[in-house]
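Same order as they appear, the protein sequences are chains H and L. So the first sequence is numbered by our numbering: it starts at 1 and just counts up by one. So the second sequence is numbered by our numbering: it starts at 1001 and just counts up by one.
Misleading hints may appear alongside valid ones.
As the list claims (entries may be wrong) - Per the computed footprint, the stretches of chain H lying under chain L, defined by three or more beta-carbons under 8 Å from a beta-carbon of chain L, are:
| hint | segment |
| --- | --- |
| 1 | 11 to 18 |
| 2 | 29 to 42 |
Stated by the list, open to error - Below 27 Å or equal to it, Euclidean Cα-Cα: the simulated DSS-like pairs (lysine-lysine) are:
| hint | chain 1 | residue 1 | chain 2 | residue 2 |
| --- | --- | --- | --- | --- |
| 3 | L | Lys1214 | L | Lys1181 |
| 4 | L | Lys1101 | H | Lys8 |
| 5 | L | Lys1201 | L | Lys1214 |
| 6 | L | Lys1312 | H | Lys11 |
| 7 | L | Lys1201 | L | Lys1213 |
| 8 | L | Lys1101 | L | Lys1312 |
| 9 | L | Lys1312 | H | Lys8 |
| 10 | L | Lys1201 | L | Lys1181 |
| 11 | L | Lys1214 | L | Lys1162 |
These are calculated hints, taken from the structure and not from any lab test. Built from N, CA and C at the ideal position, the CB exists for glycine as well.
Chain residues, written in single-letter form:
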Amino acid sequence: MTQSKLYKLRKNPLTDEVSCISKDNGNDRFTIIPINEDNTDYQDYLAWVAEGNTAEAAD
Amino acid sequence: MSTLKVNKLRDTAGSADAIVLDPNGGAVLAGVTTVTSVKVGAAVTISESGIEATGVGITCANLNGGQFGRRNLIINGAMQVAQRGNTSSVTSGYGGADRFKFDRSGAAVVTLRQQGVGNSPTDQGFGFCQQIDVTTADSSLAAGDYALLSYRFEGQDLQQLKKGTANAQQVTLSFYIRSPKTGTHIVELVDQSNSGRHVNKAYTVSVADAWEKKTVTFPMETSNTITNDNARRMDLNWWLAAGSTYSSGTLQTDWGADTNANRAVGQVNCMDSTDNNFYITGVQLELGSQATAFEHRNISEELKLCTRYFQKLQATTGSGNDNPIAVMANFTSTHAYGRIPFFNGIMRTGPSLTASDGSYFSNGASYTGLTFGVGGQSESSIEVNIQASSGNWTAGHAGWYRGGSFELSAEL
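Here chain H stands alone, though its shape is the one from the complex (with noise of 0.2 Å):
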């Protein structure tokens, strides 16, 4: 399991609902992924989601 990196679900304020995932690249810097499966940082995201990681809930 690796947890080096740090993903927040994050909500669009107009619909409410998970629009986008937070990484936190350290450093202040966070990274914003689109729900997109074409999108290589979301294939991160869910390869980290399969070894048993959750991320963190939205606000």
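Guided by the hints, dock chain L onto chain H, whose structure is given.
For chain L alone, coordinates are given in the frame of chain H:
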């Protein structure tokens, strides 16, 4: 018909032989010979109209001593484009020159830099190169340790290889490297369409810390086609270090199933000291068995090709009101929305967004501590929403994100 037996023919007024006959049936013609057409076997005809070749066609190294156009399958092979800038503390990711990714397992940490003329093989026509500077060494490789420099291809860009068909074509890789180590280095192709099938070739570095040109030809297999889409379907990897997991077998010099032990047999450890620097440029992958002159492209064209995978929207220096990156609308008192078109070009897919060092300015106030989100996105634009950590702005007003940068990534 009788046979005229002579050794040489000469004009009656001439001073030198025009034709010298060979006892084995050949002939050597001196001076200018004019003929209507010459046939070489059944495949090649040379005439006043030109050269007509069937079958294998023409194999040659250059055109008028220079490059052929549109042969290089690699984007940014001359390392001209470096949108991210130099990047330190890299264990996996991009930095320095676009499109080339570093990956490792183990202790090694590197800085990735685009270097200029002072470190590049300018005598070979290259003003830039990619530097991999080892900042944390991995001097004692564990079995599973490795380090790689990778280039990833979309499947739709590789259909011309005809992999998986009876007409599959071999490809030739050429590049310039400056390695801190002499000896065996490994480069490989990995087919991501077919469970990581791979083919691996060794090349030898003769002199440490000196530029050398290397050429490697990979076979292509007639089975296992490459999926024709926009996903990562083939990797080109330069091994930089390999533990026994990747080096304890027999080097797989023809295509075969994924077998880690056969991938990097003999690879020297370029990660074993913080004194080590690995440089590379002039990367070209092309059809056929002949390496041709490097296909130089101008910076505008190369940048355009790179922006399919990564774009950086950078404010000009300073953080004043004249440095907006994105104009937004305050949809509510806590959230602003905007849609950012990718003015630099269509991207491979909807990208990820990394924003840094900026602030949101609206109605005379500046807001920091921003939280970003993305919504509907495509290959041509992305919806961005911003929320400040404290304070409210006025709904219905406009604002803009200024200073800092937006990085959009659709890498493979």
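Structure versus earlier hints, numbers of those that do not hold, lowest first: Of the numbered hints, all hold.
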